[in-house]
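Colleague: This is what each chain is made of:
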Amino acid sequence: MAWVNAIIQGILTGGLYALFACGLSLMFGVMKVVNLAHGDLAVVAGYIAIGVITVTHVPVLWSVVIVVPVMAVLGYVLQRTLIQSSLDRGVLTTLIVTFGLSVVIENGLLQFFTANSRGIGAEMTLVTSSFKIGSQIEIAYLLLLIFAVAVAVLLGLQYFLSRSKYGRLIRAVADDKEAAQLAGADYRHVFGIAAAVAFGTVALGGIAFGMYSDLDPTTGTDTILLFAFAAVVIGGLGSLWGTLLGGVVLGVAQQIGAQINISDELLAGFIVFLVVLVLRPQGLISRRAPS
Amino acid sequence: MSLATQTAAGRTENFRVTRSRRNVVWTGAGALIVVVVLAFFPYIVYSGTTAILVQAFIVLTVASMWNLLAGYAGLVSVGQQAFVGLGAYFVLILALHGLSPFAALPIAAIGSGVAALPLWWLVSRLRSGYFAIATWVLAATIMLIIEKFTSIGGGSGMPLPGFTGMNPTLLTAYTYWAGLIVTVLALAGIYLLLRGRLGLVLTAVRDDEVAARSSGSRVGLARLLVFVVAGVGCGAAGAVLAISQLQVQPSAVFSIQWTAEMAFATIIGGLGTIEGPIIGTVVYMVLQQTLQSYNAWYLIILGLVAMAVALFARRGLWGLVDERLNIRLFPVGYWLRPGKQGGP
Amino acid sequence: MTEPETSQRQENGTPLLEVRDLVVHHGQLRALDGISLTVFPGEVYAIIGANGAGKSTLLRTIAGLHRPTSGSVLFDGKDVSGVRPERRATQGIVMVPEGRRLFGSLSVEENLKVGATYARQGPWTIERVYEMFGWMRERRNQLTAQLSGGEQQTVAIGRALVANPRVLLLDELSLGLAPVIVQRIYGMLPQILASGLTVLLVEQDVSQALRVATHIQCLLEGRTTLEGRPADVTADQVEAAYFGLAAAAAAGPAGEGSEA
Chain A
1 MAWVNAIIQG
11 ILTGGLYALF
21 ACGLSLMFGV
31 MKVVNLAHGD
41 LAVVAGYIAI
51 GVITVTHVPV
61 LWSVVIVVPV
71 MAVLGYVLQR
81 TLIQSSLDRG
91 VLTTLIVTFG
101 LSVVIENGLL
111 QFFTANSRGI
121 GAEMTLVTSS
131 FKIGSQIEIA
141 YLLLLIFAVA
151 VAVLLGLQYF
161 LSRSKYGRLI
171 RAVADDKEAA
181 QLAGADYRHV
191 FGIAAAVAFG
201 TVALGGIAFG
211 MYSDLDPTTG
221 TDTILLFAFA
231 AVVIGGLGSL
241 WGTLLGGVVL
251 GVAQQIGAQI
261 NISDELLAGF
271 IVFLVVLVLR
281 PQGLISRRAP
291 S
Chain B
1001 MSLATQTAAG
1011 RTENFRVTRS
1021 RRNVVWTGAG
1031 ALIVVVVLAF
1041 FPYIVYSGTT
1051 AILVQAFIVL
1061 TVASMWNLLA
1071 GYAGLVSVGQ
1081 QAFVGLGAYF
1091 VLILALHGLS
1101 PFAALPIAAI
1111 GSGVAALPLW
1121 WLVSRLRSGY
1131 FAIATWVLAA
1141 TIMLIIEKFT
1151 SIGGGSGMPL
1161 PGFTGMNPTL
1171 LTAYTYWAGL
1181 IVTVLALAGI
1191 YLLLRGRLGL
1201 VLTAVRDDEV
1211 AARSSGSRVG
1221 LARLLVFVVA
1231 GVGCGAAGAV
1241 LAISQLQVQP
1251 SAVFSIQWTA
1261 EMAFATIIGG
1271 LGTIEGPIIG
1281 TVVYMVLQQT
1291 LQSYNAWYLI
1301 ILGLVAMAVA
1311 LFARRGLWGL
1321 VDERLNIRLF
1331 PVGYWLRPGK
1341 QGGP
Chain C
2001 MTEPETSQRQ
2011 ENGTPLLEVR
2021 DLVVHHGQLR
2031 ALDGISLTVF
2041 PGEVYAIIGA
2051 NGAGKSTLLR
2061 TIAGLHRPTS
2071 GSVLFDGKDV
2081 SGVRPERRAT
2091 QGIVMVPEGR
2101 RLFGSLSVEE
2111 NLKVGATYAR
2121 QGPWTIERVY
2131 EMFGWMRERR
2141 NQLTAQLSGG
2151 EQQTVAIGRA
2161 LVANPRVLLL
2171 DELSLGLAPV
2181 IVQRIYGMLP
2191 QILASGLTVL
2201 LVEQDVSQAL
2211 RVATHIQCLL
2221 EGRTTLEGRP
2231 ADVTADQVEA
2241 AYFGLAAAAA
2251 AGPAGEGSEA
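As you go down the protein sequences, you meet chains A, B and C in turn.
When the letters of the first sequence are read in order and numbered with this note's numbering, they come out as residues 1 to 291.
When the letters of the second sequence are read in order and numbered with this note's numbering, they come out as residues 1001 to 1344.
When the letters of the third sequence are read in order and numbered with this note's numbering, they come out as residues 2001 to 2260.
Calculated from the structure, these hints are not laboratory results.
Where is the CB? At the ideal position from N, CA and C, for every residue including glycine.
Treat the hints with care, since some could be wrong.
Said to hold, decoys possible - Simulated crosslink set (SDA-like; lysine to any residue; CA at most 25 angstroms straight-line):
#  : chain 1 : residue 1 : chain 2 : residue 2
1  : B       : LYS1148   : A       : HIS189
2  : C       : LYS2113   : C       : GLY2099
3  : A       : LYS177    : C       : THR2117
4  : C       : LYS2113   : C       : ARG2137
5  : C       : LYS2113   : A       : ARG163
6  : A       : LYS32     : B       : ARG1314
7  : C       : LYS2113   : A       : HIS189
8  : A       : LYS177    : C       : GLN2146
9  : A       : LYS165    : C       : THR2117
10 : A       : LYS177    : C       : SER2105
11 : C       : LYS2078   : C       : ARG2137
12 : A       : LYS32     : B       : PHE1312
13 : A       : LYS32     : B       : TRP1026
14 : B       : LYS1148   : B       : ILE1107
Stated by the list, open to error - Cβ-to-Cβ under 8 angstroms is the rule here; a few derived chain A residues that face chain B:
#  : residue
15 : GLY108
16 : LEU110
17 : THR125
Stated by the list, open to error - A few chain A residues that face chain B, going by a derived Cβ cut-off under 10 angstroms, partial list only:
#  : residue
18 : VAL33
19 : THR94
20 : GLY100
21 : PRO217
22 : ALA230
23 : ILE260
24 : ASP264
25 : PHE273
Only chain A is shown next, with the shape it has when bound in the complex:
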């Protein structure tokens, strides 16, 4: 039964990973940007949430209402300025600039907030309590909530992309940005919208992670970025629900690894990631091959 519990835990953590991954998938699918600072941006959102809560004393979940829009605006601005300039200069420059951004963010956080890890809402009953099914299965309410939020976000994204004007524009620009220009769309603006959405989701992921675990300046690159990318690659680029599938596979792999040997949780996840990367880089649900 311990194994069943492990698998359930793995599935639920998949929701958290999907929150990290969908923004990365969006930015890579639309703008062809691998944002190496993606994980760090989640951490920044978490730190902003901590700051907001400390200063204004709003309930923890309300910080989401403030932080997500702020991050979305930040995403639009960063895309229109830094990332667009990098894209105009080539893939190499984009990788270098986003890597530089990652290092700057991490060391900036280190400098101003020290290396101490912080949590969000650690005193809340939501965060600390769980319920049991039978004697071996224990499910944390928080994890269940995060999974539900992830599903809701994915549903929302799916609706946004398939039904709304900007969703259509984003898909069109991703297919052929020149043809979109000929139809009157400024692709730089559309990229900005996509980035705003991506940053918004990653902010949610960061806050969720801060509640589920702890945040420190290096969490972005130690865990979040690699988990996000693993979920995207395993699930398959171009598929939104693939990020959930990828997240679930990653989560389950990690939990199974932990069952074998408690310190092998991370390793198990990375090995599955590498295996997929080598054998089937287009992922489990593939719509297009990685370019």
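Keeping the supplied structure of chain A fixed, place chains B and C upon it in accordance with the hints.
Modeller: Same frame as chain A, now just chains B and C:
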């Protein structure tokens, strides 16, 4: 080498193909003098200075390797710390079995190069962003695997044996010379490599990969060679690191910070030129030494400067110098000059 | 161009689109070497020429996708040389690009909706496009990647029409399509013109171009070799302009040979 060409107007002109615009003999002599002077340092400067220089040698070596990968082969690796760590651990393992760490150094370098082969097989088909992330995951995975072996220190690392009873002054001197030799060999090796066929293939790929492949260039082989050489270089640097630190800790030798250092130093100095990493390392060391007491600031500034250079001054500091003065200390290209028939 | 012909065209009003001494480079290659043209409202202006003559480059520069080295593009008398392509589209210059370039992961209707997103006011709507191309309504939810070449071409034209352009640029409509399909598509031109549009097209199929055009210009290696109305030019003149035979005859053995 000279060639006769038929111009559109029908006249015949002669050109000769040379390696550089100016006579490079004096640069070679200059480089030799610099190396000899550096070799005498342990006799003339304090050990604090040699320690800083050893650090500089390590950074210069790994930066040159990163430059080879990204600037010449177009491979942006965010996981070279894997080889730095492997080099350090090779030395540790051999030292635990009784071999002198200095003797272990070349073996560690070669071992890292050999390790690069299966790793290349894993990532070779991946492009840009995927390649970068894959190298990062590989480095993280290798670190996690090594941490499982308590016999070599597990997660907390262990001190490097093999130096007990050694005269400390002698140790610092030997460490210094090891670092100097590694750096000189690395730079010389890269220079010779790029001067030959490999350099031509890589430049062709840089300009137009499809054309390069279709004209028969063994692009895959060229990239493999570059990856292995970078593995050897970073492994050697890792070995020197282990020797200079007298201990090997996984979180230190496998840290992503190595990639930050080698990438930033290369970019600021000038990506795609051999001279670039040299200048970049100087900038890096200066910043590090002056801002050391301010902890994370030097990395923040370094990162910001690197980003600015990548966006606005793509050819880096050396690029600015090169454009003005047109010197190449390490000429690896070709120049076409008008000249007499049958010229040198 | 003969004097009486110019004044006759000028009777149609001010030129809608003008290109003056356009020089465009692709890297080192000079793709257009001093091209000029004038298109008046209501005309069907056809650009013909062999591969590499610079036809598509010309159209793409007019649409704003290439920056000219020198020269200018004027729309309605105003210089648009520095205007971004998306703004030119909203001002009324809409191009149907070479190779259709539909949004492959979008359905037929979604492609049209994208075209209509930044549309000007005008007679063309998605409904009207469905009326013109009967088959489209039933298959409007199909992904465009699943359509045949001819069907894709009509969707591409529809996508441009719903933007309500003033001048429609058509780049190599016939590429990859069977002649029967091509004729059917060009058969729609009268309907398009009737709604008040002007058409500037690039076409490799010379006879097709001569059939539909009110005015024709031939390019060879970036330069204009012939201009005039289809009725005023002979087949020999067109052939000579297309292949540059007259030029080849004049140069020596090392001169530029041309082959279509």
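Colleague: If you check each hint against the structure, which ones fail?
Modeller: As far as the earlier hints go, 1, 11, 13, 17 and 23 are violated by this structure, in ascending order.
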